[in-house]
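Line order of the protein sequences matches chains A and B. In this text, residue positions in the first sequence follow the working numbering: the first is 86, and each later residue adds one. In this text, residue positions in the second sequence follow the working numbering: the first is 86, and each later residue adds one.
What the hints contain is simulated information worked out from the structure, not anything from laboratory work. Hints are not guaranteed to be accurate.
Claimed, not checked - From the structure, some residues in chain B lie toward chain A, with a derived Cβ separation under 8 Å: (1) Ile205; (2) Val372; (3) His392.
Said to hold, decoys possible - Sample of chain A residues with no beta-carbon within 10 Å of chain B, all distances over it, derived: (4) Leu116; (5) Cys228; (6) Glu355; (7) Pro387; (8) Ala414; (9) Pro417; (10) Arg433.
Since this is a predicted model, take the numbers as computed values, not measurements. We treat Cβ as the ideally placed atom computed from N, Cα and C, and that holds for glycine.
There are 2 protein chains.
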Amino acid sequence: MPDTPLAPGSTIGILGGGQLGRMLAMAAARLGLKTHIYCPDTDCTAAQVADAATFAGYEDEDALAAFAAAVDVVTYEFENVPMATATLLAQDVPVRPGAKALGVSQDRLTEKNFLRGLGIDTAPFADVANLQDLEQAIATIGCPAILKTRRLGYDGKGQARINAPGDAQAAWNAVASQPSILEGFVDFEAEISVIVARATDGTVAAYDPARNAHANHILSVSAVPSGFAASVEARARALAEQVVAELDYVGVMGVEMFVRPGSNDLVVNEFAPRVHNSGHWTIEACVISQFEQHMRAVAGWPLGSPHRHSDAEMTNLIGDDVNDWHRLAAIPGNGLHLYGKGDARPGRKMGHVTRLSPRR
Amino acid sequence: MPDTPLAPGSTIGILGGGQLGRMLAMAAARLGLKTHIYCPDTDCTAAQVADAATFAGYEDEDALAAFAAAVDVVTYEFENVPMATATLLAQDVPVRPGAKALGVSQDRLTEKNFLRGLGIDTAPFADVANLQDLEQAIATIGCPAILKTRRLGYDGKGQARINAPGDAQAAWNAVASQPSILEGFVDFEAEISVIVARATDGTVAAYDPARNAHANHILSVSAVPSGFAASVEARARALAEQVVAELDYVGVMGVEMFVRPGSNDLVVNEFAPRVHNSGHWTIEACVISQFEQHMRAVAGWPLGSPHRHSDAEMTNLIGDDVNDWHRLAAIPGNGLHLYGKGDARPGRKMGHVTRLSPRR
């Protein structure tokens with residue numbers, strides 16, 4: 086794969102049309118790079134701000150071939166891009182991040198085994214292919230635990246909590262008998278995440294770790310600085326840098342970790358081979374946002390500095406929260422982002438607000 | 086004109102398709118507002134990032150009527166929108182800023198008389214309708230002086246310098262015998278400019294004044310803070326606020342002023358009824374940029390805070406400068422903006438770079 090940088094005016098193809106694709110397209114425009122969204126949904130929010138859009142399914146080989154011919158590089162804004170789609174596109178055009186990262190991150194079992202192979206701590210886990218496996222895993226890992234499908238889960242979907250061995254059958258039904266893993270709980274003080282980027286030349290740049298809070302399994306607030314000791318933050322950065330280097334990764338990745346009480350060591354929860362909700366604060370608090378950083382990386386450009394000039398707190402607007410837009414817009418200091426989505430369904434990410442304060 | 090705020094999802098029509106329209110469209114997208122560019126040039130850079138575009142002339146009444154029907158409010162990114170175009174559109178849809186600001190700022194003579202009428206200092210000037218007027222004006226104002234067409238000049242175009250009375254005929258030819266004004270020179274230490282916004286409810290918010298440097302009559306660098314005393318900056322803000330209040334203005338305006346040596350008082354050079362090149366630093370140095378501020382104002386939203394969290398220096402990339410994009414992208418801390426224009430002609434604004442530093 087050549088790492089000659091794409092000239093301004095080149096076109097980056099983006100698989101997926103949600104708010105991450107939208108913010109990627111806006112960041113590309115700032116650099117004079119064009120974007121072409123590929124998305125099955127004609128009403129997708131990213132197409133509103135992109136130069137071009139293809140509305141077709143991820144299995145539509147003709148549409149994919151035309152898309153590959155129209156763009157100079159392909160990236161994606163969600164990790165569940167079908168591997169066959171990525172493989173087909175990669176015959177004609179670079180796909181960044183590449184197939185290795187996609188394959189590992191699409192499968193919770195593969196991801197956990199990959200991390201263990203690097204000597205990185207994870208929650209205790211076991212492969213669950215059937216009800217018998219599940220019962221065995223509960224006996225080994227103990228309760229409470231959580232059953233998660235190996236594929237296609239996010240924001241708490243495809244998950245079932247197990248409080249006692251007797252919950253096994255109900256949990257197995259809840260995940261629709263899909264291949265899954267059982268995960269033990271980790272005793273942790275907080276979740277932190279690192280947004281890390283790797284360029285085509287192997288250069289790596291990590292933003293400061295953010296401390297994250299969730300509500301109903303959905304990210305609610307991300308704050309920087311994290312409040313943890315410099316040694317914890319350095320370890321978090323080092324783990325994230327290790328993961329991208331190991332995957333020969335190109336682009337931005339979000340790595341979620343748990344901080345154990347009274348320990349400098351960290352447990353990696355999961356990583357997403359894309360820009361990440363917990364990095365939205367970089368739009369206001371850094372000159373180069375995670376979105377621009379990803380566009381730079383996939384275009385073969387030099388990475389920008391991840392320097393943070395301000396402290397920041399980002400709060401998601403979920404579902405109905407967005408109806409409060411006028412009040413939120415009127416609060417001095419609020420950086421308000423609305424994603425241009427139509428229907429404020431419960432649990433749907435509709436926008437976010439970032440507030441800056443001087444660096445402590 | 087109702088000042089009910091436009092709901093997210095509404096469409097702002099923008100007359101003009103250059104980099105200012107492009108950055109306005111990107112700022113609107115952040116708020117979930119759509120944009121529709123109206124521009125005669127099918128290759129215009131703003132249409133690349135907008136939701137919709139109409140490519141038609143400013144005199145095309147059918148196209149204008151369809152445009153008015155497709156949008157919820159109209160604004161513009163250049164001050165030379167034909168008054169007939171604005172008047173026609175205003176029959177169907179609010180046009181912000183309104184006809185008064187457009188009329189005053191399109192004509193250097195009217196603009197200067199307006200400022201004088203407010204008790205605001207300007208350079209000495211005289212109305213020049215013919216060669217005889219010009220000779221008379223040179224006798225009154227003295228040399229050196231500069232002859233400027235009343236209409237349609239910018240970035241040094243439509244101007245001729247007069248070093249001695251004998252230059253009158255050549256200067257008159259240089260401005261093609263157009264109605265003009267003769268302007269005397271002002272002895273000044275520096276040009277500063279204020280980006281000021283006024284909302285539909287009359288609220289006013291001014292950003293910190295920037296100190297500007299020009300090369301070949303084109304803005305080269307804008308820096309904040311300006312380095313002038315707080316009293317000078319306060320006076321600059323007050324003048325800008327007076328101008329927008331007097332014009333019952335809605336939107337962002339750029340007001341250029343000269344600082345006289347050893348004086349707290351200021352001479353207003355000119356104002357532009359639009360976002361302004363000397364305010365591009367607000368993208369990085371403020372949570373709410375001048376572009377978002379303008380979109381908020383014309384949409385009837387509350388203004389954002391003009392607070393500046395960092396010091397900043399913005400440098401334009403003119404013509405060939407842009408060919409250096411790869412080196413500029415690699416310099417840590419550079420906020421690089423490329424406008425997506427094709428041809429790097431001499432004098433053409435192709436992009437800009439903003440560098441932040443901690444507030445002094």
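Holds or violated: histidine 392 of chain B as interface residue toward chain A, Cβ cutoff 8 Å? This hint holds: histidine 392 of chain B lies near chain A, its Cβ roughly 7 Å from the closest one there, short of 8 Å.
Should the label of glutamate 355 of chain A as a non-interface residue stand, given a Cβ cut-off of 10 Å to chain B? holds, 29 Å
Nearest-CB test (10 Å) between chain B and proline 417 of chain A: The claim is violated: proline 417 of chain A sits with its nearest Cβ about 4 Å from chain B, within 10 Å.
Does cysteine 228 of chain A really sit off the interface, with its C-beta more than 10 Å from all C-beta atoms of chain B? At roughly 44 Å from the nearest Cβ of chain B, cysteine 228 of chain A sits farther out than 10 Å, so the non-interface label holds.
Is the interface hint for isoleucine 205 of chain B satisfied, with its Cβ closer than 8 Å to some Cβ of chain A? violated, 29 Å
Non-interface claim for alanine 414 of chain A: all C-beta distances to chain B beyond 10 Å? violated, 5 Å
With a cut-off of 8 Å on the beta carbons, see whether valine 372 of chain B makes it to chain A. holds, 4 Å
May I ask you to check that arginine 433 of chain A keeps its beta-carbon over 10 Å from the closest beta-carbon of chain B? Given that every Cβ of chain B is farther than 10 Å from that of arginine 433 of chain A, nearest at about 13 Å, it holds.
Is the nearest CB of chain B more than 10 Å from the CB of proline 387 of chain A? violated, 4 Å
Whether leucine 116 of chain A stays farther than 10 Å from all C-beta atoms of chain B, as the label says: violated, 6 Å
Hints 1, 4, 7, 8, 9 from the list above are not met by this structure, while the remaining hints are.
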